[in-house]
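Novice: Sequence:
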Amino acid sequence: MEVKTSLLDNMIGVGDMVLLEPLSEDSFLENLKKRFDHNEIYTYIGSVVISMNPYRSLPIYSPEKVEEYRNRNFYELSPHIYALADEAYRSLRDQDKDQCILITGESGAGKTEASKLVMSYVAAVCGKGQEVNKVKEQLLQSNPVLEAFGNAKTVRNDNSSRFGKYMDIEFDFKGDPLGGVISNYLLEKSRVVKQPRGERNFHIFYQLLSGASDDTLKKLKLYRDFSKYNYLSLDSAVVNGLDDATSFRTVKNAMQIVGFMEDEIRSVLELVAAVLKLGNIEFKPESRCNDTDESRVRDKNDLKEMCELLGIEQTVLERAFSYRTVEAKLEKVSTTLNVAQAYYARDALAKNLYSRLFSWLVTRINESIKAQTKSRHKVMGVLDIYGFEIFEDNSFEQFIINYCNEKLQQIFIELTLREEQEEYIREGIEWTNIEYFNNAVICDLIENNQNGIMAMLDEECLRPGTVTDETFLDKLNTVCAEHQHFESRLSKNSKFLNDHSLPHSCFRIQHYAGKVLYCVEGFVDKNNDLLYRDLSQAMFKANHSLIKELFPEGNPSKVNLKRPPTAGYQFKSSVGTLMKNLQTKNPNYIRCIKPNDKKAAHIFTPSLVCHQVRYLGLMENVRVRRAGYAFRQPYGPCLERYKMLCKRTWPHWRGPAREGVEVLMADLQVPTEEFSYGRSKIFIRNPRTLFFLEERRRQCLQDLATLIQKIYRGWKCRTHFLLMKKSQVVVAAWYRRYAQQKKYQRIKSATTVVQSYARGWQARKLLRELKHQKRCEEAVTTIAAYWHGTQARTELRRLKQEVRNKHAVTVIWAYWQGTQARRELRKLKEEARRKHAVAVIWACWQGLKVRREYRKFFRANAGKKIYNFTIQRIMQKYFLGVKRGLPCMSPVDKNWPARPYRFLDAAHAQLRSIFHLWRCKKYRSQFSEERKAVYQEKLEASELFKDKKSLYPSSVSQPFKGDYLEISKNPKYQKLSNCVEEKVLLADVVNKINRANGKGTSRILLLTKKNVVLADQKTGQVKASVALPDLISVSVSTQNDGFFALKLKEGSASAVKGDFLLSSEHLIETITKLHHIGSTASDDGEQLDINISDEFLVQFKQDKVCVKFIQAATKNGNSASCKRKNNRLLEVSVPAATA
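To convert a position in the sequence shown, counted from 1, into this note's numbering, add 28.
Hints may be right or wrong, so weigh each one.
For lysine-lysine, the following DSS-like pairs were computed, each having C-alpha atoms within a straight-line distance of at most 27 Å [said to hold, decoys possible]:
no., residue 1, residue 2
1, Lys543, Lys503
2, Lys1151, Lys1132
3, Lys626, Lys61
Here are the in silico distance ranges between beta carbons for each label pair [claimed, not checked]:
no., residue 1, residue 2, range
4, Ala1140, Glu958, 39 to 49 Å
5, Arg642, Asp253, 37 to 47 Å
6, Glu1009, Ala1140, 38 to 48 Å
7, Ser953, Gln1130, 50 to 60 Å
8, Glu487, Asn366, 25 to 35 Å
These are calculated hints, taken from the structure and not from any lab test.
From the three backbone atoms N, C-alpha and C, an ideal C-beta is built for every residue, glycine too.
Start from the sequences, fold in the hints, and give me the full structure.
Specialist: Below, the structure written as structure tokens:
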């Protein structure tokens, strides 16, 4: 059986106030305090959630908690805001019902945090995906932006929302968020110019000054010191727990995530800075000759900086602060403003500027987060608005805030009763009318179009003549004096004449939450909310695009003399629209309560909480819910929870759940008037009945627990006994086995010892026999060995004697043979000497005869022979020296051995030439066809530019690559590669020189066998294509630059826009390839003319422009720069070549 928790399990106090017994204000507060002290900050009133601000972080919002409350019944777990959010989301997703979550409470009660928790829960449980996550992130990040511009530190709350916010979150049919729409209500713009003591201006001012970089502040003409700005209060400028610098970075990041562009963020910050500057503008009085007072700006520095920020002429804005123009049909009247009126105009401009900026931010956020699809969407609305306000001094703002809360209370009662009635009808329960206080009479007192307070205030504001707050109060005293909820000291009802708690300048309204005293001072001015037309027109004249958008009424061409609607009328219309919107949705309520005024944890102030309970109408809500049936539950969960109270339903009920509940209630003998059976639920009228069931269930659970413990303990003892018994048998068996094994081992050991002794005796006996036999055999062997040895030694001695005799004979014979040989050798030597002597004597004689015979001939030819012999020896020595000193096989090696004699000069030079030609031939034989082509181009470049162009020497060592962009491989240029049909011989980035200013534009130059193509470097789009036959010449300078001009044939299709002046880092290669390919592409075989000159003409459309090259220092360092001198001259400055 699955065990489920319930709202009623482990309950601290009462989780649902509907079940509180007895019901009174004291018991209500005591229950809240008890739960608050145990960190239970959420309590239900039926489907309404009461939220107490703990003023500290609690571990109840983790991802695990989200999963715990996901897809669970509302009353299944302990009270939590996640339960309400999950109920609303599932109703929207599964039942296709639009939802709205109304969050109310006074400042500091935690409304903003509650709305964030609802949105974060919905974001966590809805679908996933890249687009869905982006929408969720934008919806969540809109909060920091609106908080920075719409929240401020007050005495009650460090992050108080000073505006009302209603957000419609739109979902698709799967329940995934698609976008949202935000509506804002009544920004407290008076806070911009004045803050109560102990409070701050809006957060964004302090965040900007604390978190912006020094460079940003310099551009905005601001300083970090708060004291330099009159609109910023200094006593509460720094708030504990708020890091304004970090918050500023968070806000900027959130704006970027939401979709604000950088220029939009800059414009917003400029307007914020302008508001700060506006507060520093001060005025001084100045009397005119006609005795009228006039105001002048005291120090114009702040005015000047503000005008520079917004792009407004200083004189225009200064005049708007000093004069006011009133238009009536065809007449214009200009009047001067005194100092007080000038300050009023300044503050009105500051309030309007900030208020309109805030409205623009809301509109801009809506543009980013709105749903992109136009199909029907499911909608969940979240309303975070002011709670009921009762201060010591209550003015116009509190009046309209409390009016809004009256309307919310009215719709709350109506929708709660309607929901109750619909459930009763749906379940078939008889509906009885419930008596409750209907605050429609209070709403009518305020909003009635004929004699309502707001209608009379608008009528008084529009009335000609002198209009003051006192005349407005007099009118109220006349019209509303008889109303039972209106009280005034000067009303016709005399009972208030002696009421000293009611001042003469005030009136009192009996709201549903209590009596509120309003001071009429400022009602008329705040309702008018006028901004002089001169200031609107001055703002419209600004060069700032956002300012123009914020002040459309300042457009002189669209002057509207009709008076703008009052603030009260606008707010009343907005509230009416909001009420209509809420009535179309299923409501869910969160009532936020502040436990103390110290903003501290663990402190519960009963008087403060009681005050909030009263004006939130929580007791009234409980009474409405309890007027019929206090508790209801589906039959299935009810039977599952209480089935143990009846023997017939325990442990399993086989029939329908309703029949089981009927059997259960009959067995418990619960009075029939205490409950009713609906179609799917049982309705219990009195909480006592529910607590009776819970008490019986608790007792039964104790009995069941005792029974379960008894059965478990018996089972545990039996199991233990059986285990012990089984263990004893096993132990005995193992022991007997062990004893038998030990006995067997002893017998086996004894047997082994006896066997070993017997085997040892037999082995020793056999060993003795073998040893005796072995000794006998060894004795025989020894005797035989001695005998054989004696025989061998005798034979050896005999053989040795015989050998000695034979050796003696051999030695004697050898000595004899040696003597005979030596004698024969001496004889032969003597005979040889005699023969050699004869031969020598004969040779000398023959030589003497020859010399005598040829002496004459030898003397006549000896010189020539000796000369030829000498020359032959010198040449031989020379050739051998050249062979040993030959240089390496590199053709560029110019080394050669020195010649030893002058007469060899011609032969030396000829040999050197022959060797170099042979060496070059050998070197060329190693070349591939591609390499031959490259060297051919290098040779052609040498013929074109050597000793003519200063850039040429630096290009010799650089190889000609041709396709520098790898255009066929680079996917960036795929489109361009497809446009060119022929093979690309050269692809490089060049600069096309503009005739107008001499500046270069990057282009891609493609050279094929037929065309020269120029294309855009970024897009790859072909800008120009020139056929090579249309190219007649190329002009370059003699200096170290990369400029060249392509001159086109007049009248050709390519010459419509004139010649091209280009600049390239690979000039030598580009011109060489053009010259080579241009010669082959020419129809008549003529070569392309290369003109090398420091001054040449270029045809631009119909004009001829002279391009002149000079040597001068340039701003770009070592690169040449082009500058237009006049319409006919472009001057190129080339830096001087360094050694």
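Novice: Take the hints in turn and mark each one as holding or not.
Specialist: Now for the hints, and whether the structure bears them out:
no., hint, result
1, Lys543 x Lys503, "holds, 21 Å"
2, Lys1151 x Lys1132, "holds, 16 Å"
3, Lys626 x Lys61, "holds, 17 Å"
4, Ala1140 x Glu958: 39 to 49 Å, "holds, 42 Å"
5, Arg642 x Asp253: 37 to 47 Å, "holds, 45 Å"
6, Glu1009 x Ala1140: 38 to 48 Å, "holds, 44 Å"
7, Ser953 x Gln1130: 50 to 60 Å, "holds, 56 Å"
8, Glu487 x Asn366: 25 to 35 Å, "holds, 29 Å"
Violated hints: none; the structure is consistent with every hint.
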